[in-house]
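Protein chains: 2
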Amino acid sequence: MSDLPRRIHIHEEGPREGFQIEPGPIASADKVRFIQMLAETGLTEIQCVSFVNPRRVPTMADAEDVAGAIHQRDDVHYTGLWLNHRGLLRALQTPLHTEGYVRTSGSDAFSLSNNGRNVEESLQEQGATLQYCIENNIPLSGGIVTTAFGCNLEGEIPATRVVERIAQLLDFVEGYGLQLPILRLADTVGWANPKSVATLLGAIRDKWPELRLGLHLHDTRGTAMANALVGLQFGIDTFDSSCAGLGGCPFAGHKGAAGNICTEDLAFMCEEMGIETGVDLDALAECARYAEELVGHPLPGKLMRGGTLTRWRTQ
Amino acid sequence: MSDLPRRIHIHEEGPREGFQIEPGPIASADKVRFIQMLAETGLTEIQCVSFVNPRRVPTMADAEDVAGAIHQRDDVHYTGLWLNHRGLLRALQTPLHTEGYVRTSGSDAFSLSNNGRNVEESLQEQGATLQYCIENNIPLSGGIVTTAFGCNLEGEIPATRVVERIAQLLDFVEGYGLQLPILRLADTVGWANPKSVATLLGAIRDKWPELRLGLHLHDTRGTAMANALVGLQFGIDTFDSSCAGLGGCPFAGHKGAAGNICTEDLAFMCEEMGIETGVDLDALAECARYAEELVGHPLPGKLMRGGTLTRWRTQ
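Just so you know, the protein sequences line up as chains E and Y, in that order. The numbering of the first sequence is the UniProt record's numbering, which starts it at 1 and goes up by one. The numbering of the second sequence is the UniProt record's numbering, which starts it at 1 and goes up by one.
Take the hints with a grain of salt, since some may be wrong.
Once the Cα atoms are required to be at most 16 Å apart in a straight line, the calculated EDC-like pairs of lysine to aspartate or glutamate come out as [claimed, not checked]:
(1) Y:Lys195 / E:Glu272
(2) Y:Lys207 / Y:Asp171
(3) E:Lys195 / E:Asp171
(4) Y:Lys195 / Y:Glu164
(5) Y:Lys195 / E:Asp171
(6) E:Lys195 / Y:Glu276
(7) Y:Lys195 / E:Glu276
(8) E:Lys195 / Y:Asp3
(9) E:Lys195 / Y:Asp171
(10) E:Lys195 / Y:Glu271
(11) Y:Lys195 / E:Asp3
(12) E:Lys207 / E:Glu156
(13) E:Lys195 / E:Glu156
(14) Y:Lys207 / Y:Glu164
In short, the hints are calculated from the structure, not lab data.
Throw the hints in and build the complete structure from the sequences for me.
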């Protein structure tokens, strides 16, 4: 395991991924409290809300209220997700930390269903947004490939196609004189397995050895931690994750349904392997228990129940 | 990932690990039904009950009743766990498939607390049982090292100590003219992480390259699937697991508490990686849902909610 990173960076998405999917209602003040608790754990980046159509995602209708009510720490980036120019403009009106990003997808069908545009059309649309960012000195935070491993509409996504889409995305960005600081590969609907993660990471590394990569994993079928391990074995040092494993599958009945990879479980595994995370595991477990209280049903995170090993080591 | 096994063997322990820990009561007939459902999934080895003191483990007081009521398939081994000579004699009175095995522990304190004897005393006691097996033509199925990675009483267990204990166990068995067909390493209380698994497997492989190894993993802190992946990367082809992730931690409040590694999640990951398991994933997911019904609370398995990928692939 010689390629393990010395330290990982965690992009916490629990408030956005989690509260977006919950039938709710969860009071805006409780969302804010959860975000503020997370900010006390050593996390440095927290995605708080999404600026999407409130008619499509009613649980995010209070995005501006939540964003405005957070007492921000100086050492934490509080961000919001946006999917189109209108969303970006909304984000920019809030006190959240807002940067540009670009998006492609392994699956045209997913792109169509999620954004109403296939990959090609989506890139064209993003050109205007990218131009706006350049003109307004808004830096580019990175890029993401959604459904990079598989898609419920198109099935398996071969690594060769993802490599093509990445090449297209890098060209697109370079066309604006920009470079991607990082590219995140998203297993949007839980198709990845350790072998497919290794195959894709290997293919990308072969072609772009210097491109920094991150992983956005879902634990829909229990493979997220093993997939993350493969990432670590490839030296990947950036992971999106959700406290308590918030997120999950809307059609799964919400009984501990699998969501994003669980922040504190991932951080625990890393710390046990000697990889720094910068987070306080006990404080994160406390946040996870609070998240369960808020949503009113069990969440899949394990560490909040199993506890860290500290108390057994210091006997 | 060149050392991956072509096929894995699963030792299902859900009925024993799970129903042992549940506050119950679960009717004997329901336990039997669950065991019989599991036997229809392609599993070839199912640990059904434990022959332990019913005053210490009241939920196993019906062990003989359950063992006697199972309609056995010819191609499945139905087994029971026993921890001492009295337990072995009870097992032999039932229609279950009963073989000898030997046990050591990374932790003397755990051995004392679990069996009332330290490792040395435990080996002495097992001598009589081994002799009995030899005289009665009862084959030796293998050996197990409990708390091979850590122990809540002794803390971290270094690989060097486990190697010493294994050497002692192999000597002990050879003293009776026997050999271990397999040695299972148990992460009894959820201390293992991918690095410690790799360290221990590497140390054992260095010393005994021909010794067949198995893993018995718990998912107390979310690392079980990643730990299993490391096992697979070392070519390990034998895993103990529990349908639905049954088992779990008695002090965890039973709300989706982490138990053994989940059979169908592990099998799913293997099948997706091209490793044969011989099991029907959909049938196992059905068993997992039935297990949830029996225990009356959510269990941690993911595949039973996420579903296999088959339906998306065959569209």
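Consistency of the hints with the structure:
1. For the given pair, Lys195 of chain Y sits about 8 Å from Glu272 of chain E by alpha-carbon distance, which is consistent with the 16 Å threshold.
2. For the hint pairing Lys207 of chain Y with Asp171 of chain Y, the CA-to-CA distance comes to about 14 Å; that is within 16 Å, so the pair holds.
3. About 28 Å separates the Cα atoms of Lys195 of chain E and Asp171 of chain E, which puts this hinted pair outside 16 Å; it is violated.
4. For the given pair, Lys195 of chain Y sits about 20 Å from Glu164 of chain Y by alpha-carbon distance, which is inconsistent with the 16 Å threshold.
5. Annotation: proposed proximity of Lys195 of chain Y to Asp171 of chain E is violated, straight-line Cα distance about 39 Å (limit 16 Å).
6. For the proposed pair Lys195 of chain E and Glu276 of chain Y, the alpha carbon gap of about 14 Å is at most 16 Å, so the pair holds.
7. This hinted pair checks out: Lys195 of chain Y and Glu276 of chain E have alpha carbons roughly 14 Å apart, not beyond 16 Å.
8. As the CA atoms of Lys195 of chain E and Asp3 of chain Y are separated by approximately 12 Å, the hinted pair is consistent with the 16 Å bound.
9. Among the hinted pairs, Lys195 of chain E with Asp171 of chain Y is inconsistent with the structure: their alpha-carbon atoms are about 39 Å apart, more than 16 Å.
10. Distance hint between Lys195 of chain E and Glu271 of chain Y is fulfilled; the C-alpha atoms sit about 11 Å from each other, no more than 16 Å.
11. Using a Cα cut-off of 16 Å, the hinted pair Lys195 of chain Y and Asp3 of chain E holds, with the two alpha carbons roughly 12 Å apart.
12. Using a Cα cut-off of 16 Å, the hinted pair Lys207 of chain E and Glu156 of chain E is violated, with the two alpha carbons roughly 21 Å apart.
13. About 13 Å separates the Cα atoms of Lys195 of chain E and Glu156 of chain E, which keeps this hinted pair within 16 Å; it holds.
14. Pair hint Lys207 of chain Y plus Glu164 of chain Y holds up; C-alpha atoms about 11 Å apart against a cutoff of 16 Å.
The structure fails to meet hints 3, 4, 5, 9, 12 from the earlier list, while all remaining hints are met.
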